[in-house]
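Chemist: Sequence:
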Amino acid sequence: MKYILLLFTGFLFAQQSQNVDFKSASGQLSLNAKEKTVSGAVDYNFEILKTCDTISLDAKNMEFSNVKIDEKEAVFLNTSKQLKVIFSFTKGEHKLTFNYTAKPKQALYFVDIENDQVQIWTQGQGRYTSNWFPSFDDVNEKVIFGLGITFDKDYEVVSNGVLKAKTTNGTTNHWQYKMEKPMSSYLLMLAIGKFDKNELKSKSKIPLHYYFEPKDKNRFEPTYRYSKKIFDFLEKEIGVKYPWQINRQIPVRDFLYAGMENTTSTLFTTRYVVDSIGFADRNYANVDAHELAHHWFGDLVTAESSTHHWLQEGFATYYALLAEREIFGEDYFYSKLYDTAQQLKFASRTDMIPVLNAKASSLTFYEKGAWSLFYLHESIGDKAFKKAVKSYLDKYAYQSVNTEDFFDEIRKVSDFDLEKFQKTWLESTAFDTPAANALLSKNKAIQKRLEIDKLKKTPLSEKKEIFKSVLESNIYESVKKAVVDQLSSEKYEDKKELLLLALQTNNVQVRQNVAETMTKIPEDFRLYYETLLDDKSYQTQEIALYWLWRNFPNHRKSYLDKSQSWIGFNDYNLRTLWLSLALSTPNYSQNTDVLADELLLFSTSKYEAGTRQNALEKLIAFKIINDQVLSSLVSATTHHMWQFSKFGRDTIRLLLKNSEMRTAFERILSNLSPDEQLQLNRLLKE
10 MKYILLLFTG
20 FLFAQQSQNV
30 DFKSASGQLS
40 LNAKEKTVSG
50 AVDYNFEILK
60 TCDTISLDAK
70 NMEFSNVKID
80 EKEAVFLNTS
90 KQLKVIFSFT
100 KGEHKLTFNY
110 TAKPKQALYF
120 VDIENDQVQI
130 WTQGQGRYTS
140 NWFPSFDDVN
150 EKVIFGLGIT
160 FDKDYEVVSN
170 GVLKAKTTNG
180 TTNHWQYKME
190 KPMSSYLLML
200 AIGKFDKNEL
210 KSKSKIPLHY
220 YFEPKDKNRF
230 EPTYRYSKKI
240 FDFLEKEIGV
250 KYPWQINRQI
260 PVRDFLYAGM
270 ENTTSTLFTT
280 RYVVDSIGFA
290 DRNYANVDAH
300 ELAHHWFGDL
310 VTAESSTHHW
320 LQEGFATYYA
330 LLAEREIFGE
340 DYFYSKLYDT
350 AQQLKFASRT
360 DMIPVLNAKA
370 SSLTFYEKGA
380 WSLFYLHESI
390 GDKAFKKAVK
400 SYLDKYAYQS
410 VNTEDFFDEI
420 RKVSDFDLEK
430 FQKTWLESTA
440 FDTPAANALL
450 SKNKAIQKRL
460 EIDKLKKTPL
470 SEKKEIFKSV
480 LESNIYESVK
490 KAVVDQLSSE
500 KYEDKKELLL
510 LALQTNNVQV
520 RQNVAETMTK
530 IPEDFRLYYE
540 TLLDDKSYQT
550 QEIALYWLWR
560 NFPNHRKSYL
570 DKSQSWIGFN
580 DYNLRTLWLS
590 LALSTPNYSQ
600 NTDVLADELL
610 LFSTSKYEAG
620 TRQNALEKLI
630 AFKIINDQVL
640 SSLVSATTHH
650 MWQFSKFGRD
660 TIRLLLKNSE
670 MRTAFERILS
680 NLSPDEQLQL
690 NRLLKE
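Numbering (our numbering), first residue to last: 10 to 695.
What the hints contain is simulated information worked out from the structure, not anything from laboratory work.
If you're wondering where the values come from, they're calculated on a predicted model, not measured in any experiment.
Backbone N, C-alpha and C fix where the C-beta goes; we use that ideal spot for every residue, glycine too.
Everything hinted at is true.
For lysine-lysine, the following BS3-like pairs were computed, each having C-alpha atoms within a straight-line distance of at most 25 Å:
| hint | residue 1 | residue 2 |
| --- | --- | --- |
| 1 | K615 | K162 |
| 2 | K345 | K465 |
| 3 | K212 | K238 |
| 4 | K32 | K90 |
| 5 | K404 | K214 |
DEER-style ranges, computed between Cβ atoms:
| hint | residue 1 | residue 2 | range |
| --- | --- | --- | --- |
| 6 | P223 | T594 | 35 to 41 Å |
| 7 | D424 | D462 | 32 to 38 Å |
| 8 | K632 | D494 | 28 to 34 Å |
| 9 | E189 | T540 | 53 to 59 Å |
| 10 | S74 | F355 | 53 to 59 Å |
| 11 | P531 | K226 | 41 to 47 Å |
| 12 | S388 | D360 | 22 to 28 Å |
| 13 | D494 | E189 | 48 to 54 Å |
| 14 | P562 | D161 | 52 to 58 Å |
| 15 | T540 | Q599 | 26 to 32 Å |
| 16 | T613 | S388 | 52 to 58 Å |
Could you build all of it, start to finish, from the sequences and the hints given here?
Modeler: Right, here's the structure in full:
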C-alpha cells in the first residue's frame with residue numbers, strides 16, 4: 010500500500026510540474042528550543058506554465074495563516090500532509106506568501122546538552138524536509154532557497170548558501186543566508202549550536218569553513234587533517250569547478266548518520282571529531298570525501314528517482330575512494346576495493362535486488378555502484394572516463410538525471426559495450442568476481458592477499474613459512490591482517506611464533522588484529538599481550554584491557570591502576586570500560602558508590618547516544634542494574650536515533666524474560682514520561 014501511495018504522490022508531482030515551475034523560496038524563521046517548534050513567513054516565486062486552479066506544497070502537520078497569491082487572500086486546504094492553494098492561476102509569474110508553525114516529529118532535531126545549551130539541526134534526505142519547512146518531496150522540483158533565521162545571539166546559525174547579513178536585535182541575531190543556484194528540497198538545512206570555526210580557502214579560492222565546538226579545539230587538526238587536500242583533489246579529479254559558493258563542515262551531536270551532503274554545508278556526526286590517537290581508528294577522511302563528492306553527484310546533478318540512486322551513492326563512494334588513494338596510497342585503495350568485493354560476493358548469495366532497482370540495499374547502491382564505476386573507468390581508460398564525467402556534469406548541471414543520461418556521455422568517448430556492462434553490473438544480482446579479481450591483481454599487495462586467501466584450508470605446518478615471510482616483509486598491513494585472521498583457529502603452540510612476529514610489525518592495525526583474535530591468553534604470552542595496552546589506539550587499548558582483565562584475575566589491580574585516567578574517544582569508551590571493570594573487581598575501590606554514580610551518569614541524557622549506549626552495555630553486562638539503569642534504558646527507546654532506540658527496545662526485551670526484571674520495570678512505570686510509558690507498556694504487552 011505504501012508503495013502505491015508513493016507512486017501516486019510521484020504522479021501528482023509530475024502532473025504539477027507540467028503546470029507550475031517553482032523558482033525561488035525565501036523563509037524568515039524563528040525557532041523555539043523549549044517548545045521545539047519552528048515558525049516563519051515564507052515567500053515562493055513561481056511560474057504558471059498552464060492555466061490551473063490549484064498548486065501544492067508538501068507540509069506535514071503544520072498550521073497556516075495569511076495565505077496569499079500576489080498579495081491577495083487565497084483559499085487553501087491543509088490536509089496535514091500538503092498545503093493546497095486554490096486560485097484562478099493564469100500563465101506567468103506569481104508569488105505565494107504565508108505564515109506557518111510546526112512542531113516536527115522528525116527532520117528537525119533539538120538536542121539538549123550540558124549547561125542548558127542546545128544544538129538544533131536538520132536531516133532532510135528522503136522526503137523529510139517537509140516536516141519543518143513547506144517544500145517539495147519530489148527531488149525533481151529544484152528551487153533557489155534563502156533562509157533567514159532568528160535565534161539567541163550566543164549561538165552560531167548556519168544554513169545553505171552565503172551569509173548575506175547578520176543583524177542583532179536585543180538578545181537575538183538574525184542570520185540571512187542565500188543560495189545562487191537551485192537545489193532539491195531534501196538538501197535544505199539549518200544547524201544551530203555554540204560553534205567556533207576555522208576559515209581556509211581552496212586552491213580555486215572557494216571559502217572552506219570548518220566548524221567545531223570550543224571544547225574540541227585541540228581536536229581540530231586531526232579531525233580536518235585532510236579536508237582541504239580532499240577538496241582540492243576532487244575539484245581537479247572531477248574536472249568541474251566546485252559548483253557552489255562556499256563549503257562548510259559542521260559536526261553535530263547525535264546525528265542520525267555518518268554525514269549528509271546538504272548543499273554548501275555538510276553535517277556529520279561528532280563520532281569523527283578525534284584527537285591524534287583517535288585518528289588511527291576513526292578518521293573523517295572517507296566520510297568527508299563522500300559527502301563532498303555528493304556536491305557534484307547528487308547536489309549538482311540529482312537522480313530523478315530511487316531507481317537511479319547509484320548515480321549519487323555509487324559516484325560519491327567511488328570518488329571518496331579515489332580521494333583516499335591520493336591520501337593513503339594505492340595499497341589502501343585496492344585493499345578497500347578488495348574488502349567490498351568480498352562483501353558483495355557474500356551478499357550476492359542472498360541479496361536478489363540489483364543496482365538499478367529502487368529497493369536495492371545500501372551495500373548495493375554504494376559499494377556495487379562504486380565497483381561498477383571502477384570497472385567502467387578501468388575499461389574505457391582515464392582520459393575517456395574523465396571527459397565523459399565532465400560532459401555529464403556540465404550538460405545536466407542543476408537538473409535531474411537518469412542512468413541513460415550518463416551512458417549517453419560515455420558513448421561519445423568510447424565504443425565500450427554499455428549494454429553488457431548494464432546487464433552484468435547494474436541489472437544482475439551476481440558479483441563478477443573473476444573480473445573484479447583481474448582488476449585487483451594489478452596491485453602486488455592484493456596479488457599476495459589472494460594467494461593467502463587460497464591457503465585458508467591448508468594446514469598451518471604447510472603455510473607457516475609463507476606466513477612468516479609475509480609478517481617479516483614490508484607488504485601492506487591488510488595482507489598481514491589476513492594472516493592473523495587465519496591464525497585465530499589454530500592451536501596456540503603452533504602459532505605463537507607468528508603472533509610474536511605480528512606484534513613485532515609495530516603496525517597499529519596488525520597488532521589490533523592480534524588483540525581481537527586472542528580472547529584466551531596463555532600465561533607465557535601475557536607480557537607480550539600487555540604491550541598492546543600502550544598502543545596509540547583507543548580501540549586496541551579497550552580490547553586489550555578487557556581481555557587481560559578477564560584472563561588474569563591476579564593482575565587486575567595493576568591493569569586498573571595503569572588505565573584509571575584513560576578516557577578514549579569522545580564516547581568515553583575507555584572510561585566506561587574502566588568504571589565497569591573497577592566496580593566488578595572485589596576490593597579494588599573503597600569508593601564504589603562514586604564509581605557507580607559516574608557510570609550511571611554516562612547512561613543518562615546528559616551525554617550523546619554513543620556514550621549512553623557504551624555505559625548501558627557495560628552496566629548490564631556486569632550486572633550493575635538498578636532502577637536508574639532501567640529508566641535510562643526506557644529513555645533510550647524514545648531517542649531520535651533509531652540505532653539507539655532499537656538497542657533500548659532489544660535490551661529491554663531480553664531483560665523482560667526475567668520475572669524479577671519485569672517486576673522492576675513495572676515498578677518504575679509511574680515515574681516515566683508519557684512517551685516513555687507508552688514505549689515500555691508496548692514492550693510489557695509483547
